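A.B. asks: Sequence:
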Amino acid sequence: MSDCTKKPVINCHTHIFRGEHVPPYLAKTFVPWPFSYLLNTSLILKLFKNSISSNNKKYQDPYIEKRRNRILKAIKLRRNKLLSGVLSLIGMILTIHVFFIIFKWLSLVFNPEQNEIIGYIVKLQTWLTEHYLLVPIKNVYLQALLSFILFSYFKSGRNFIWFVLSKTIKFFAILPGKMTKDLLERYLLLGRFTLYKNQSKIFSSMKEQYPPGTKFIVLPMDMEYMGAGKLKPENSYRNQMQELADIKENSTNKDAFLPFVFVEPRRIKDEKDHFKYAFNNGTVTLENCFIKEYIEDKKFDGFKIYPALGYYPFDEELLPLWKYAADNQLPIMTHCIKGTIFYRGAKKKEWESHPIFKEIVNLKNEIYEPLLLPQRKNKDFSLNFTHPMNYLVLLKEELLRILVSQCRQDIRDLFGFTDLNTELKYNLSHLKICFAHFGGEDQWNKYLELDRYGYSNELIKEPDFGIDFLYTANQKFSWRKLQDCWKYVDWYSIICSMMLQHDNVYADISYILHDDQIFPLLRQTINNPKLGDKVLFGTDFYVVRNHSAEKNLVATTTGNLTVEEFDSIARDNPAVFLSKF
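Just so you know, we're using the numbering used here here: the sequence shown kicks off at 17 and counts up by one.
Be careful, since some hints might not be right.
[Unchecked claim] Here are the computed lysine-lysine pairs in the BS3-like style, where the Cα-Cα straight-line distance is at most 27 Å:
id : residue 1 : residue 2
1  : Lys74     : Lys248
2  : Lys503    : Lys363
3  : Lys285    : Lys315
4  : Lys288    : Lys264
5  : Lys314    : Lys223
6  : Lys246    : Lys308
7  : Lys503    : Lys315
8  : Lys248    : Lys395
9  : Lys462    : Lys596
10 : Lys354    : Lys412
11 : Lys264    : Lys596
12 : Lys567    : Lys223
13 : Lys314    : Lys285
14 : Lys223    : Lys23
15 : Lys154    : Lys171
16 : Lys217    : Lys23
Since the hints were made in silico from the structure, they are not lab data.
Remember, predicted model here, so these are calculated numbers, not experimental data.
Produce the complete structure using the sequences and hints provided.
C.D. replies: Here you go:
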């Protein structure tokens with residue numbers, strides 16, 4: 017991958033924030049109250065650290081010698097056939113009893129439905145009891161003691177029970193769903209990387225897995241407004257950002273380090289020194305503020321947003337910043353996939369309908385009302401913020417005009433708003449946006465499966481334009497098309513259509529590249545002359561680690577693409593996206 021005659025490889029999507037930067041109650045909406053508060057991030061990270069610390073003691077004095085002596089005793093025991101046989105028999109009896117003890121506990125708590133597998137287990141329990149091979153143990157303390165002894169001292173029995181439970185637990189209807197499992201894996205990742213004392217060490221661990229000269233876009237996270245609890249002062253967003261600034265300024269890694277600034281509209285509203293600006297004739301000038309310090313003084317390379325945390329990307333507080341970013345060609349990286357990090361608070365009344373899009377309520381009279389968003393669960397209604405159609409409100413002047421008409425006067429003045437029938441004097445059609453994760457691999461599969469749905473074939477029928485979101489064939493503005501695209505069209509088609517229609521719209525393949533099944537469509541996308549220069553390489557380090565190691569992701573990607581294809585998405589396109597190198 018290293019070639020001094022080529023532009024550097026750039027990983028366009030990485031994270032190095034620590035577990036301490038994550039709010040404490042991430043389990044909200046996944047785990048019932050009060051367990052969501054008991055299962056807090058700080059506790060999990062502390063337990064993980066203690067576990068690792070305890071495990072590391074095995075390799076220190078005097079534990080090295082003690083461990084060796086235990087192994088010698090185990091070897092001696094195994095060579096005594098009589099004693100070994102007795103212990104094996106005890107282990108077998110314990111395993112049988114503990115298995116049915118745990119089965120009973122699960123049955124009491126989760127009340128499983130009767131089915132064939134459960135029936136076999138009950139019949140086996142009855143048969144063993146009738147033949148005096150299973151002794152009923154009613155004392156709870158004795159049940160707990162036997163379980164402790166088995167799991168502590170009989171490895172084969174412990175492994176057997178874990179294996180059987182992993183295969184049958186789904187019949188109790190308690191096997192976690194995909195998102196819950198993803199959350200548990202996220203906890204493990206946070207625990208693993210919280211062992212690093214600072215973000216610089218995490219960055220170094222990533223950098224060491226790439227050839228010399230590789231560069232990395234580093235994306236911070238500001239999760240203090242997601243309704244999952246407050247951070248400790250020493251782990252605040254500003255401290256996280258200062259740590260990134262120190263890496264960029266002082267570290268030996270600074271030449272490879274391309275940090276973005278996370279933008280949170282609620283922080284802009286709360287902290288008056290966060291984003292201050294002036295404007296003249298549609299041009300935004302930054303005044304002394306946090307954003308100016310990091311973008312113009314510290315030379316951070318772009319902006320990161322994560323709408324699933326509870327806001328639309330066209331939030332009124334963001335519009336002046338997007339005008340500044342568009343005019344200065346500063347890139348914006350936006351989260352665009354269904355994930356486990358989303359708003360954990362109660363759904364607000366204003367979120368019951370879309371602020372811009374409409375749906376038809378009377379076909380005969382063509383009456384339209386705001387598009388209803390009835391989802392109740394956090395994981396579902398948060399997708400309304402993530403939906404790529406929201407960015408049409410920024411990119412399409414017709415929709416931006418409607419938005420600006422609802423804003424305060426200084427926003428109207430900034431964009432030169434006259435009235436709803438007059439085009440804005442200034443717009444955001446040149447905004448430079450990258451859709452992180454390209455919508456998600458599930459949306460890629462949806463695109464491939466929707467073979468009879470017209471909109472999902474528009475990329476094939478109209479390869480230079482894709483879906484016309486706003487107008488019918490006779491060039492009449494259509495809320496109905498926007499409604500249908502929002503509800504039914506796959507995100508791959510939506511994102512690709514925006515990439516075709518706007519020069520500065522990109523998408524990266526971070527996270528989804530762990531799935532080998534994406535590569536046929538990815539290659540087709542890269543080799544499309546209208547789309548190929550808009551695709552960016554990224555991995556989503558370290559979030560993707562639960563699926564694949566970083567080196568394996570790179571090896572898999574380079575193995576599935578030609579040299580020219582990889583160079584396009586990892587060298588040439590990122591350089592244009594960043595306007596450097």
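A.B. asks: Each of the hints needs a verdict: does it hold here or not?
C.D. replies: Hints, verified against the model:
Taking the CA atoms of Lys74 and Lys248, the gap is about 33 Å. The hint is violated against a cut of 27 Å. This hinted pair checks out: Lys503 and Lys363 have alpha carbons roughly 20 Å apart, not beyond 27 Å. Restraint check for Lys285 and Lys315: satisfied, since their Cα atoms lie roughly 24 Å apart, inside the 27 Å limit. In summary, the hint linking Lys288 to Lys264 is supported, as the alpha carbons are separated by about 26 Å, within the 27 Å threshold.
Between Lys314 and Lys223, the direct Cα distance comes to roughly 22 Å. Compliance with the 27 Å bound is thereby established for this hinted pair. Note on Lys246 and Lys308: the hinted pairing holds, with a Cα-Cα distance of about 26 Å set against a maximum of 27 Å. Of the pairs offered as hints, the one joining Lys503 and Lys315 is violated, with about 40 Å between alpha carbons and a cut-off of 27 Å exceeded. Note on Lys248 and Lys395: the hinted pairing holds, with a Cα-Cα distance of about 26 Å set against a maximum of 27 Å.
A threshold of 27 Å between alpha carbons decides the hint, and for Lys462 with Lys596 the separation of about 35 Å lies outside it, so the pair is violated. With a CA separation close to 24 Å, the supplied pair Lys354 and Lys412 stays within the 27 Å bound. At roughly 16 Å between alpha-carbon atoms, Lys264 and Lys596 fall within 27 Å of each other, so this suggested pair holds. For the proposed pair Lys567 and Lys223, the alpha carbon gap of about 11 Å is at most 27 Å, so the pair holds.
Restraint check for Lys314 and Lys285: the C-alpha separation of about 23 Å stays at or below 27 Å, so the hint holds. Distance check on the hinted pair: Lys223 and Lys23 sit about 17 Å apart at the alpha-carbon level, within 27 Å; holds. Annotation: proposed proximity of Lys154 to Lys171 holds, straight-line Cα distance about 25 Å (limit 27 Å). Under the criterion of a C-alpha separation no larger than 27 Å, the hint pairing Lys217 with Lys23 is consistent with the structure, at around 26 Å.
Against the hints set out earlier in the document, violations occur for numbers 1, 7, 9.
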